[in-house]
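Trainee: Residues per chain, in single letters:
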Amino acid sequence: MQTKENAMTDTPSAVEKPTDPAIESGLERLTPERIRQVIQQVLKKETGPRFKAYVETCMRCGLCADACSYFLSNDRDPQFMPAAKVKNTVWQMLKKDGNVSRDFLRRAVRISHLECNACKRCAMYCPFGIDIAYMMLLVRRICHKLEITPQYIQDTVNSHSVTLNQMWVKDDEWIDTLQWQEEDARDEFEDLQIPLDKVGADIMYSVIAPEPKFQAGLIYQAATMMHAAGMDWTMPSSPGWDNSNMAMYTGDNEISGRIARKFFETAAKLRVKRIVMGECGHAFRSVYDMGNRWNSWVMPPFEVVHALAFYHELLTQGRITIKEKYKKKVTLHDPCNVSRGRGLHDKAREVVNLVCKDFVEMTPNREHNYCCGAGGGVINCGPPYKGERMVNNRVKAEQLAATGAEVLIAPCHNCHSGLEDIIQHYDLKMEIKFLGDLIYETMEKKIYEPEA
Amino acid sequence: MNSFIAFIMGPMVWISVIIFLGGLIFKLVGILGAVRQKEPYIYSYVTLKHSLRSIGAWLIPFFPRSARLSPVYYGISYLFHILLFLVPLFLASHIVLINEAFQISWPALNDSVADVLTLGVIAALIFFAVRRIRVPEVKYLTGAMDYLLILVVLLPFLTGFLAYHQWVAYQWITVIHILSGELMLIIIPFSRFSHMLNAPLTRAYMGSEFGHVRQARDW
Amino acid sequence: MAYSNRFIMFLIVLFAAVGTGFFSYAGQDLERLDPWAFDSPRRPGAVFSHDDHIFLLDDDCSVCHHVYENGELIPDESSEDLYCSDCHSLKPMPDNPMPLEAAYHNLCRDCHFDRGEGPVLCGECHVKE
Ligand code: HEM
Ligand code: SF4
Ligand code: SF4
Ligand code: SF4
Numbered sequence: 000m001q002t003k004e005n006a007m008t009d010t011p012s013a014v015e016k017p018t019d020p021a022i023e024s025g026l027e028r029l030t031p032e033r034i035r036q037v038i039q040q041v042l043k044k045e046t047g048p049r050f051k052a053y054v055e056t057c058m059r060c061g062l063c064a065d066a067c068s069y070f071l072s073n074d075r076d077p078q079f080m081p082a083a084k085v086k087n088t089v090w091q092m093l094k095k096d097g098n099v100s101r102d103f104l105r106r107a108v109r110i111s112h113l114e115c116n117a118c119k120r121c122a123m124y125c126p127f128g129i130d131i132a133y134m135m136l137l138v139r140r141i142c143h144k145l146e147i148t149p150q151y152i153q154d155t156v157n158s159h160s161v162t163l164n165q166m167w168v169k170d171d172e173w174i175d176t177l178q179w180q181e182e183d184a185r186d187e188f189e190d191l192q193i194p195l196d197k198v199g200a201d202i203m204y205s206v207i208a209p210e211p212k213f214q215a216g217l218i219y220q221a222a223t224m225m226h227a228a229g230m231d232w233t234m235p236s237s238p239g240w241d242n243s244n245m246a247m248y249t250g251d252n253e254i255s256g257r258i259a260r261k262f263f264e265t266a267a268k269l270r271v272k273r274i275v276m277g278e279c280g281h282a283f284r285s286v287y288d289m290g291n292r293w294n295s296w297v298m299p300p301f302e303v304v305h306a307l308a309f310y311h312e313l314l315t316q317g318r319i320t321i322k323e324k325y326k327k328k329v330t331l332h333d334p335c336n337v338s339r340g341r342g343l344h345d346k347a348r349e350v351v352n353l354v355c356k357d358f359v360e361m362t363p364n365r366e367h368n369y370c371c372g373a374g375g376g377v378i379n380c381g382p383p384y385k386g387e388r389m390v391n392n393r394v395k396a397e398q399l400a401a402t403g404a405e406v407l408i409a410p411c412h413n414c415h416s417g418l419e420d421i422i423q424h425y426d427l428k429m430e431i432k433f434l435g436d437l438i439y440e441t442m443e444k445k446i447y448e449p450e451a
Numbered sequence: 000m001n002s003f004i005a006f007i008m009g010p011m012v013w014i015s016v017i018i019f020l021g022g023l024i025f026k027l028v029g030i031l032g033a034v035r036q037k038e039p040y041i042y043s044y045v046t047l048k049h050s051l052r053s054i055g056a057w058l059i060p061f062f063p064r065s066a067r068l069s070p071v072y073y074g075i076s077y078l079f080h081i082l083l084f085l086v087p088l089f090l091a092s093h094i095v096l097i098n099e100a101f102q103i104s105w106p107a108l109n110d111s112v113a114d115v116l117t118l119g120v121i122a123a124l125i126f127f128a129v130r131r132i133r134v135p136e137v138k139y140l141t142g143a144m145d146y147l148l149i150l151v152v153l154l155p156f157l158t159g160f161l162a163y164h165q166w167v168a169y170q171w172i173t174v175i176h177i178l179s180g181e182l183m184l185i186i187i188p189f190s191r192f193s194h195m196l197n198a199p200l201t202r203a204y205m206g207s208e209f210g211h212v213r214q215a216r217d218w
Numbered sequence: 000m001a002y003s004n005r006f007i008m009f010l011i012v013l014f015a016a017v018g019t020g021f022f023s024y025a026g027q028d029l030e031r032l033d034p035w036a037f038d039s040p041r042r043p044g045a046v047f048s049h050d051d052h053i054f055l056l057d058d059d060c061s062v063c064h065h066v067y068e069n070g071e072l073i074p075d076e077s078s079e080d081l082y083c084s085d086c087h088s089l090k091p092m093p094d095n096p097m098p099l100e101a102a103y104h105n106l107c108r109d110c111h112f113d114r115g116e117g118p119v120l121c122g123e124c125h126v127k128e
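Chains as they are written, first to last, in numbering that gives the first Met the number 0: chain F, 0 to 451; chain S, 0 to 218; chain C, 0 to 128.
Hint data in this document are derived by calculation from the structure and do not stem from the laboratory.
From the three backbone atoms N, C-alpha and C, an ideal C-beta is built for every residue, glycine too.
Warning: the hint list may mix true and false statements.
Claimed, not checked - Straight-line distance between alpha carbons at most 27 Å, and here's what the computed DSSO-like set of lysine-lysine pairs gives:
1. F:Lys94 - F:Lys51
2. F:Lys43 - S:Lys37
3. F:Lys43 - S:Lys26
4. F:Lys428 - F:Lys356
5. F:Lys144 - F:Lys432
6. F:Lys268 - F:Lys197
7. F:Lys432 - F:Lys212
8. F:Lys445 - F:Lys356
9. F:Lys94 - S:Lys48
10. S:Lys138 - F:Lys356
11. F:Lys444 - F:Lys326
12. S:Lys138 - F:Lys86
13. F:Lys95 - F:Lys43
14. F:Lys261 - F:Lys197
15. S:Lys48 - F:Lys86
16. F:Lys327 - F:Lys432
17. S:Lys26 - F:Lys86
18. S:Lys48 - F:Lys95
19. F:Lys261 - F:Lys144
20. F:Lys327 - S:Lys138
21. F:Lys428 - F:Lys385
22. S:Lys138 - F:Lys44
23. S:Lys37 - F:Lys144
24. F:Lys94 - S:Lys37
25. F:Lys428 - S:Lys48
As the list claims (entries may be wrong) - Interface residues of chain C toward chain S, partial, derived using beta-carbon atoms under 7 Å:
26. Leu99
27. Ala101
28. Phe112
29. Cys121
Unchecked claim - Quick list of the computed label-pair ranges, beta carbon to beta carbon:
30. F:Glu349 - S:Ala33: 52 to 58 Å
31. C:Asn105 - S:Ala143: 54 to 60 Å
32. C:Lys127 - S:Ala143: 33 to 39 Å
33. S:Ala128 - C:Ser77: 55 to 61 Å
Please take these sequences and the hints and turn them into a complete structure.
Mentor: Written as structure tokens, this is what we have:
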């Protein structure tokens, strides 16, 4: 416990401030003229009355401060409060009509990319419902157009652009991985299949690229569940299988839109009834909330079912039964993008209670959860920023420690990776699992038979 | 002097009320038009039910978690906003003037009650100013304009209070009272006080985005 | 420092000037009207000088002590023998739509506005006791 105490008193000054080569070389290429043009173009042409209302309505009341885990984690340092992030970016840009310096922009990249998870918690704390995440994404849009996006996350966007997946997964690599998981899973169910490109199936199952890249076991688990539950499902063999969308977080709306469009087109080609996706928060946001909007669909053209809701369906319909409940004391992290982003927190709790014996809440929870500190593209800015990410989410560590749970369930890829780092850094002595891990571990390995 | 007073008590009242109401209506029409033109998607996300749900939730005292985290400020601000409308509209002296002009009247506050409530408004405004100096995160956001806005609201209430008691320079105080009240009305549509109009709109949008799309609560 | 000193000086002079103006303006031999006809008056009775008004109106009492019949002013008749409240009731009535309070306010204040002299603001007549 001693080490944890020490770790928790890390101060921001103890963290190195590396310079990002992509930002630096991008800044060098900029001329005042270009800076001004881009800022004016984005803030005047790409926004409307909503942005105007946000800017002119903020009463500087400071109520949003208590929403932000960055502010709370940094001993209430005012520069981390949500409205301050707007003050130090958007308000200045507007005041100076786009005539801002490179130093200003270097700071703006960090504020928008690394000091905001776009988690929208502050929108629930501002009495006017001012959406600061939206404005931070506008700043990222400006950074994107100025080509000063941090290196690591830009690389994922480049990958999206070339391969339509986030991790440079090659087409044959993808199919190989699925076959490999299928083979492995046949040890448990001898006729298990991962049906590829099955036109007219009920469900298209989709994952994010990190799964085939380094968490292939998750595909195995999902296939097992699908098979045991007797679902009519399929996975696409060609690009369009990845539902992640990093371009959404860099403000590269054009590529972001392309990704979402391709995704829905893939589902349309397979003529499925609905799309089920793995445990990922931002991917869900991309296809449920943002990608569809960019492509002019008010709501997604397919029913999109997040893993949490899907597990709920399988368990409550008895398609999957639990052999013996998980015994260790568990707690649940509500991923912003599916709790605040889709109200799935109550279903998540029902599932946890169906699967686990001993569930303890962390507080605050549900819509009021603290973000994992990794979301909104922050973790995707890569290792150079890991140190500050740990400092910037001390509240999460404190919140986790207070539960006394042995196992932390994090049903979102970003959250999962981010919280794993937090657990390590703050030496929390917790295991971290996906909800699917627990279901797989506790479920009865038999095929569902509908009662006649 | 009397002709000047006649002007600020007559035509100037009309001018300021017309600018106030007209400004707000003009602004509202502008916003709705701009939404149609530039962000028409807003119309497809906003629903009456979720807008009202959110506005309602935020009107229940201390219901939103945000309010419970800052109960003192929120409570004072809540009362301040009620009094801001209540005191001027139900002040006997104002009702008499309206009655003489339009032969309509409504029940008035007792004078000494109104006096205390006015002090309440003044105290709240002083609290806002002090808070801007004392609370670091609020101080960080505060600029000269924020104090100026507080002053604009403070003036009519302070001079109204002084005029009622007739302690000093009654005539001048009353003239300043009338002028500053008119000034406040006039700048509402053109300053951040336009949050009077924007608040229900931004709340409606966020309430709908949370309630309708995200199926979550926003309070 | 110099700036704020000068500002304070300015304020003092301003208030002094205003103060003298106000107190010298208050005329002589003022009497206070007794608001007995009102149920529970919110303000003290108005202060006013009858002599000044007789002088300023050239002894034409009927300007204030007027007589109306069927809504028409009767010229050359006056009503010094009546109380205002004999005709003006507290609430507007069909036979006399002008209630007592408004009768006072309109008669006094409007005349002061028209002539460009005399008190017009509430507290200038209803001076605190
Ligand atoms: C009926 C419409 C109005 C609504 C819904 C409203 C709402 C709000 C809200 C939500 C805040 C932010 C923080 C807080 O909760 O206090 C606020 C602050 C404020 N409002 Fe209003 N308001 C309205 C009308 C007005 C008007 C007409 C004025 C003045 C002319 C005004 C003056 C202020 C001031 C001065 C503050 C800032 C207090 C501070 O300095 O922290 N409000 N208002
Ligand atoms: S969106 Fe989240 S991380 Fe960003 S400012 Fe708001 S509360 Fe903080
Ligand atoms: S809570 Fe809203 S109005 Fe208040 S400072 Fe934050 S963004 Fe501005
Ligand atoms: S990574 Fe998880 S907790 Fe964080 S923003 Fe995404 S969903 Fe939220």
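Trainee: Need the status of pair S:Lys138, F:Lys86: alpha-carbon distance at most 27 Å?
Mentor: It holds: about 12 Å lies between the C-alpha atoms, which stays within 27 Å.
Trainee: Taken at face value, is the distance from the CA of F:Lys86 to the CA of S:Lys48 at most 27 Å?
Mentor: 33 Å, violated
Trainee: For the pair supplied as a hint, F:Lys428 and F:Lys385, confirm whether the alpha-carbon distance does not exceed 27 Å.
Mentor: Holds: F:Lys428 and F:Lys385 sit about 20 Å apart, inside 27 Å.
Trainee: Need the status of pair F:Lys428, S:Lys48: alpha-carbon distance at most 27 Å?
Mentor: At roughly 46 Å apart (the allowed maximum being 27 Å), S:Lys48 and F:Lys428 break the hint.
Trainee: Assess, step by step, whether the Cα of F:Lys144 is no farther than 27 Å from the Cα of F:Lys432, and give holds or violated.
Mentor: Cα-Cα ~38 Å, so violated.
Trainee: Holds or violated: are the alpha carbons of F:Lys95 and F:Lys43 at most 27 Å from each other?
Mentor: 13 Å, holds
Trainee: Would you mind confirming whether the straight-line C-alpha gap from F:Lys445 to F:Lys356 stays at or under 27 Å?
Mentor: With a Cα-Cα distance of about 22 Å, the restraint between F:Lys445 and F:Lys356 holds, given a limit of 27 Å.
Trainee: Within 27 Å, alpha carbon to alpha carbon, are F:Lys268 and F:Lys197?
Mentor: With Cα atoms ~10 Å apart, F:Lys268 and F:Lys197 stay inside 27 Å; holds.
Trainee: Going straight from one Cα to the other, do F:Lys261 and F:Lys197 come out at no more than 27 Å?
Mentor: 17 Å, holds
Trainee: Okay, S:Ala128 versus C:Ser77 on CB: inside 55 to 61 Å?
Mentor: Given range 55 to 61 Å: holds, Cβ gap about 58 Å.
Trainee: Does the nearest C-beta of chain S fall within a distance shorter than 7 Å of the C-beta of C:Ala101?
Mentor: 6 Å, holds
Trainee: CA of S:Lys138 to CA of F:Lys44, is that 27 Å or under?
Mentor: Distance of about 32 Å is beyond 27 Å: violated.
Consistency with the previously given hints fails for numbers 5, 9, 10, 15, 18, 20, 22, 25, 26, 30 and 31, ordered from lowest to highest.
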